[in-house]
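Peer 1: Protein chains in written order, with the working numbering: chain A, 167 to 498; chain B, 516 to 739.
The set of hints was computed from the structure by calculation and includes no laboratory data. A portion of the hints provided could be inaccurate.
Claimed, not checked - Derived lysine-lysine pairs resembling PhoX-like cross-links, with alpha carbons at most 25 Å apart:
(1) A/Lys227 with B/Lys690
(2) B/Lys690 with B/Lys700
(3) A/Lys253 with A/Lys192
(4) B/Lys656 with A/Lys253
(5) A/Lys199 with A/Lys253
(6) B/Lys656 with B/Lys700
(7) A/Lys253 with A/Lys239
(8) B/Lys700 with A/Lys227
(9) B/Lys681 with A/Lys227
(10) A/Lys199 with A/Lys239
(11) A/Lys227 with A/Lys239
(12) B/Lys622 with B/Lys588
(13) A/Lys477 with B/Lys588
(14) A/Lys192 with A/Lys239
(15) B/Lys657 with B/Lys700
Claimed, not checked - Stretch-level coverage of chain B by chain A, calculated; a stretch enters the list once three of its residues show a Cβ under 8 Å from a Cβ in chain A:
(16) 550-564
(17) 576-584
(18) 609-615
Claimed, not checked - Quick partial rundown of chain A residues pointing at chain B, CB under 10 Å, derived from the structure:
(19) Tyr219
(20) Ile278
(21) Thr305
(22) Pro308
(23) Leu309
(24) Gly458
(25) Glu466
We put the beta carbon where it would ideally sit given N, CA and C, even for glycine.
Here's the letter readout for the chains.
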Amino acid sequence: MVGTRVGNRIIGAESPVTVGWENLPKVEGGPFKRFFFTWFQPVTFFALLAFWYYAPNDIAKASTAIGIGIGFKVLLLGLEWVNPRYKSWQLTWKELVTDLFYVGLGYTVLRIVDDFIGDGVMIGWVQEQWSLDKFSWFTGLPLLLQAFLISFIFDFGQYWMHRGMHNWHPLWLTHAPHHFVTQLNINKGAVGNPVELFLIGLGIGGFFDFLPRAFLLAGTFGLTVSIYQHINVRFNTPNWWRFLFNTIEHHSVHHSRDYEATRSNYSGTWIIIDRMFGTCVDGEAEILGIEGGRRMSIRETMHYPFTEGWKAIKAKFGRKGGFAEPDAVPAE
Amino acid sequence: MSGADAQNVWEQPSPSAFRMNLRYIDWIWHVRDSVPLPEGQSAEEALDRIEPMLDQMDTTHERIGHMIAFTRKAPVPQDPLSVFEDGELSIVATDQGRTLRYHLVSKALLFCFLLPVLFIGFGQLMLAAGNYQMAQAEAKKKADGAQKKDKKKDEAKVLELNPIDKMLGAPAPEKPKKDKEKERKPSATAAYVFSALFAILYVVGRFLEPWLVRRRFRARLEGA
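Okay, chain B solo, but in the shape it has when bound (with noise of 0.2 Å):
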């Protein structure tokens, strides 16, 4: 968003039913909190100090009036609002003095907040392909048997170790399992894992993003 298109979130409003729905479910991604500003501080002087935070790689911000419009595609990790791609923070006198007020936006957390349901998807995938595999070698194995009905299976071998394991006591291999056991069944637990991590992930983020920023800009603001 440009500078001289953005307002005040608290004061924007709703242009469409749409939109008001949308504001019940974009807490998933947007994070809207305040800092009060260091008793006797001027709103120029608070936004003299916010601004450098915003000196970053692939940033463009603009000042207009009381109020700083940030936004960028790609932060880079070093950056210190990393997590955030597009913002606005302004300066608003409240009753309890001067407020730092800010609406960023996450496309970070928008994405964690998706990925489960992305690995569930590959979770069905993943036993789908299973399961075809597992059709394919079963009729593979049919073919064969009839092919190869009177030949006499070759006995698994065991496997002998080097004379010098032997010596050194390493345990010696047992027969190979038979076939029927060696075969995987189609399974998605690893996409289940990922996709419960992904959950818990956006549960830890959805709390620590914001209390990070607000301590970084508490930190600024009080010129530490």
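So that you can see chain A by itself, here it is in the shape it has in the complex (with noise of 0.2 Å):
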């Protein structure tokens, strides 16, 4: 495979990679069709902005962003099956109810991880020893700069994590199992190791007293752009989009089984960090997965990042600081 040169890089020499938007595939099939996917992102991203925007207080609330929230990814589901990406990430029931296990580990045990020793009480604990609450003066400014503020800052965090979790050995081990998945689906931004997962969500916004409605609508920036990372739909997504947002052209990419390919489009929702930092590659691939595209069992992503880190420690320190067994293969 030649693969195709992006900087001073080659992407796809190892695993296909379409490189450069001029080159994929557009929706196929009726006018309607065309139409509904090519409107679908951009309509729907400006209808939940103007809905937080103007929504009376007592609607503009948390539960009702759950709710539209749920509602959405039922929607999106449905979407995947109308108008799949690729057949080979047509999701089954093995698969809906892997991705599920993952998202309810979200919502139950790493919610309890969270509120003992996650970013709450970190932020909480340093808001108390500095008085950092004094950045109230941020709930003077207009509410879109704030919910743009929220999700860059919230994003701009995400994205070093992400790229450190590639660039150093002991973060990539629990970021690892989520790269073994070979299809893509709405739910698979939460497949991984729940370390991983727990690091991702540590942010900096909870540092500023926001306004709740603020929250709400950096909120609509996940809900309808970052979303799209993990989906198996194909849309027209209009250049601006593309050239702003992360999409899931960007993000299969990041998938693709090519190593180098794996290395860009690190950011979760503004694809525009990963062009000011020159990690960003336009493109799409279908063929995914690490060490040849090998499932990774449920079992072996909980314990991967443990053992694999054990097994590190002893090849680089077992001889010199005694972990090794007596009877280990003898060394080359």
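Quick one: dock chain against chain with the hints and give me the complex.
Peer 2: Here it is in structure tokens:
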């Protein structure tokens, strides 16, 4: 495989990756289908922004956001059925159960952990120590600017956390299980080792005393932009959207079986952050996964960072530090 | 299971009472069914058509006479039999003619069957953690109250909208509610919702997957 030169890198030398928007397929079908899958993303984005901007106070609350979020996900699952990007990514019963298991962990066990040692606790402690609640000046800014800043600052943090995971072995061990997925579906964002899900969920947004409405508006960026990272739907996404926001195309390149391609498109929502730091690759890939595309079981996903970490420690310090077993395989 | 050791499950004697008892519940994750062969199709031809379905990553299979046994650890989603990790398929002669009989084992079905119990457990854990945190908060509040009895509590500030938002007609924020109203009560609702969801998914999967596998075998045998 030859691959394609993108800057100083060769993308797609190990596994097929399509590079460049002009080379991507378009939505096929009748005029209504093409119209629907061209306008769906921008219309839902602006409609939800307008909804949260103007909704009365008794409607603009977290429970409404949760309801809309669940309803929107069900709708997107339906769209995956109607207009799949790849047949090989089609959701099966087993994949749905597996994905929902990880989603369920996020709503239950991880929530408990977050309450005890997550960002909420840490931010509360820091605020108590240094009175960071003085940042409330921020609430005087226009709502949409607040929402943009919450989303962008959070994503900026996520970008570096994610990039760190791909460049520092201990962090990579927590993130690697997520890269064993061989298909992308709406809930695949939740698939991974709980340690990673905990780390990626840490944010600094809580330092600011934002208006709740600004939080709900910022959530719209998550619900109507970053949610498409793992969707198996073919859209005719507008060029301005692709320039600003992360898309399934970008994220499929990141999940490709091509090593060099995985070292790109780290942001969750704002692909412009990748453009700023030179890590953006515009394109798409169908063949995903690592280690030849083998599936990682739930059991292995749970212990992988620890068992692989232990192996790495033994390999590095075993001989000097006395970790090595006396009957260990002789060194080369 | 290796091909050499594999036996037809219909002819297998129960080696112990435990195994006999297990047989009453193993329908939870075992699928036993059969598909009649098209008229005139030989056993060899039928297995020749079925065998390529098992040429998948991480799968070992062995054909002995009129039987195929297969096993794998974690089949990929693109695998047509991805729900089943082990299985035996054999061609047997019946009164109605030759039939493909199969016995498939699915850890995924068993896992899904057990998930509702696991999530009820998570729910109990959430309640316990929530109650613990509430007790801690209550104790802290009492301790703080004793220290700052004289200090007048700051009135909650009403946040003001930016003039641009006022001009565009966004609703003005209301006075923040009192602490007591804000306090979250421990809740296990999310865990129970997932528990119910997995119970429904198990029922769906227990009917859907055997139906799908039967359809795939039939299509293979008929050469579609």
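Peer 1: Holds or violated: are the alpha carbons of lysine 681 of chain B and lysine 227 of chain A at most 25 Å from each other?
Peer 2: 20 Å, holds
Peer 1: Check whether the Cα positions of lysine 622 of chain B and lysine 588 of chain B lie no farther apart than 25 Å.
Peer 2: 10 Å, holds
Peer 1: Has the given pair, lysine 656 of chain B with lysine 253 of chain A, been kept, meaning a C-alpha gap of at most 25 Å?
Peer 2: 57 Å, violated
Peer 1: So if I understand the rule, the pair passes when the alpha-carbon distance is 25 Å or less; does lysine 253 of chain A with lysine 239 of chain A pass?
Peer 2: 20 Å, holds
Peer 1: Under the criterion of a CB-CB separation shorter than 10 Å, is tyrosine 219 of chain A in contact with chain B as hinted?
Peer 2: Result: holds, 6 Å to nearest chain B Cβ.
Peer 1: Holds or violated: are the alpha carbons of lysine 227 of chain A and lysine 239 of chain A at most 25 Å from each other?
Peer 2: Holds, at about 19 Å.
Peer 1: Just to be careful, I want the Cα atoms of lysine 477 of chain A and lysine 588 of chain B compared with a cutoff of 25 Å; is the pair within it?
Peer 2: Measuring from Cα to Cα gives roughly 22 Å; hence the hint holds.
Peer 1: For the hint on glycine 458 of chain A, does the least C-beta distance to chain B fall short of 10 Å?
Peer 2: 7 Å, holds
Peer 1: Using Cβ atoms only, decide whether glutamate 466 of chain A comes closer than 10 Å to chain B, and label the hint accordingly.
Peer 2: Hint holds; glutamate 466 of chain A Cβ to chain B Cβ min 8 Å, cut 10 Å.
Peer 1: Can you confirm whether the C-alpha distance between lysine 657 of chain B and lysine 700 of chain B stays at or below 25 Å?
Peer 2: 18 Å, holds
Peer 1: Can you confirm whether chain A covers the stretch 550-564 of chain B, using C-beta to C-beta distances below 8 Å and requiring at least three such residues?
Peer 2: violated (count 0)
Peer 1: Is the straight-line distance between the alpha-carbon of lysine 199 of chain A and that of lysine 239 of chain A 25 Å or less?
Peer 2: 20 Å, holds
The structure is inconsistent with the numbered hints 4, 16, 17, 18, although it conforms to all the rest.
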